Amino acid sequence: MPETGPLTRSMDEKFEKLFDMIAEMKAGLEDKMEVGQEEMQSGQEEMRSGQERLEQVRSVQEEMKSQIQAHTESEVEEIKIHVDGCIGKIEEEVQCVKLKIEEVESEVQRKIEGVEEKVQEKISNLERRINELEERPNYFPASQEFMSSRPTVKPLTFDGQTSWTVFKTRFDVVSSTNGWTDFVKASQLVASFRGSAAEVLQGIPADKLTDLTTIEKALESRFGDSHLTQFYRTELKTEARRKPSRNGCRCGTTNDCTDASGCSGKLISPVLRRRQQRRRHATFNQIDGRKRSEIISGL
4 MPETGPLTRS MDEKFEKLFD MIAEMKAGLE DKMEVGQEEM QSGQEEMRSG
54 QERLEQVRSV QEEMKSQIQA HTESEVEEIK IHVDGCIGKI EEEVQCVKLK
104 IEEVESEVQR KIEGVEEKVQ EKISNLERRI NELEERPNYF PASQEFMSSR
154 PTVKPLTFDG QTSWTVFKTR FDVVSSTNGW TDFVKASQLV ASFRGSAAEV
204 LQGIPADKLT DLTTIEKALE SRFGDSHLTQ FYRTELKTEA RRKPSRNGCR
254 CGTTNDCTDA SGCSGKLISP VLRRRQQRRR HATFNQIDGR KRSEIISGL
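If you're matching positions, the sequence shown starts at 4 in this note's numbering and goes up one per residue.
Don't read these hints as lab results, they were simulated from the structure. None of the values given here were measured: they were computed from a predicted structure. Heads up, a few of these hints could be off.
List of simulated lysine to any residue pairs, SDA-like, C-alpha gap at most 25 Å [as the list claims (entries may be wrong)]:
{"hint": "1", "residue 1": "K171", "residue 2": "V203"}
{"hint": "2", "residue 1": "K171", "residue 2": "V193"}
{"hint": "3", "residue 1": "K211", "residue 2": "A201"}
{"hint": "4", "residue 1": "K68", "residue 2": "V79"}
{"hint": "5", "residue 1": "K101", "residue 2": "G117"}
{"hint": "6", "residue 1": "K103", "residue 2": "R113"}
{"hint": "7", "residue 1": "K188", "residue 2": "E202"}
{"hint": "8", "residue 1": "K103", "residue 2": "I93"}
{"hint": "9", "residue 1": "K211", "residue 2": "T160"}
{"hint": "10", "residue 1": "K83", "residue 2": "E95"}
{"hint": "11", "residue 1": "K188", "residue 2": "K220"}
{"hint": "12", "residue 1": "K114", "residue 2": "E130"}
Between the sequences and the hints, there should be enough to build the whole structure, so can you do that?
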């Protein structure tokens, strides 16, 4: 054999290494291909098992759906039957109520007819009695026993100058003694007005002149104690606004005086004058109360 040179040997060595590498790579690729095929096969098996499980789930869903539908239909049918039964009961009860209403209406109608007959009978009796009374004479002699048992007191008069409280007390006693009704009281009270008291009638409507309460309220507001109090206050305010004269004194004169009335001749302030007016008014109320008691005891 011819001798190979150094270059040829190095190339042979490189080719051998290359072939070894290719052989290793081929072996590695074959291994990887085998592994990949195995993985693909396992994956396909998993896919098949997954499809089987999916089919099972679908079958379970279909079965549940059919069961739910069947249960729902049965429930709806039962509810429909129950509702139909309730409607039937309600219709029966309504029919019973209608029958009872008709019975009550007939009973009420029967009672109304009975009441109408009774009312008609009473009306006929009243008409008969009215006719009998119209045929009787209108004059009936007064009973002496009744006249002697109830004394008659002469009506009073009121001119607005005296105390309304005293007059009202006397009027109540007279009306009670004479046995007057409220209508007669109103008529007698209106007839008793004189002077300024008669002017009160102008502020009362014509249809209220027989109303005792309306007339008494009008007199109370015009001549009552509240009106007198307001009148005294107005007089005191007017008197306080007046400027007293230089030589004026409590007795009302303009000269120095020390008469029997007790006037010292000194000027009096509006405050003291107002206090004196209050004392006079209190004294008047006390006298008014005593007079009221005397009037009641005298009647």
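Outcome of the hint check:
About 15 Å separates the Cα atoms of K171 and V203, which keeps this hinted pair within 25 Å; it holds. Proposed proximity of K171 and V193 is supported: the alpha carbons are some 13 Å apart, at most 25 Å. For the proposed pair K211 and A201, the alpha carbon gap of about 15 Å is at most 25 Å, so the pair holds. Of the pairs offered as hints, the one joining K68 and V79 holds, with about 16 Å between alpha carbons and a cut-off of 25 Å not exceeded.
Only pairs whose Cα atoms come within 25 Å are accepted, and K101 paired with G117 is accepted, the gap being roughly 24 Å. For the proposed pair K103 and R113, the alpha carbon gap of about 15 Å is at most 25 Å, so the pair holds. Between K188 and E202 the CA atoms are separated by roughly 19 Å; this keeps the pair inside 25 Å, and the hint holds. Of the supplied pair hints, the one linking K103 and I93 holds, its CA atoms being roughly 15 Å apart against a limit of 25 Å.
Straight-line distance between C-alpha atoms of K211 and T160 comes to about 20 Å, which keeps the hinted pair within the 25 Å bound. Of the pairs offered as hints, the one joining K83 and E95 holds, with about 18 Å between alpha carbons and a cut-off of 25 Å not exceeded. As the CA atoms of K188 and K220 are separated by approximately 14 Å, the hinted pair is consistent with the 25 Å bound. A C-alpha spacing of about 24 Å is found between K114 and E130, which places the hinted pair at or below 25 Å, so the restraint holds.
In this structure, every one of the numbered hints holds.
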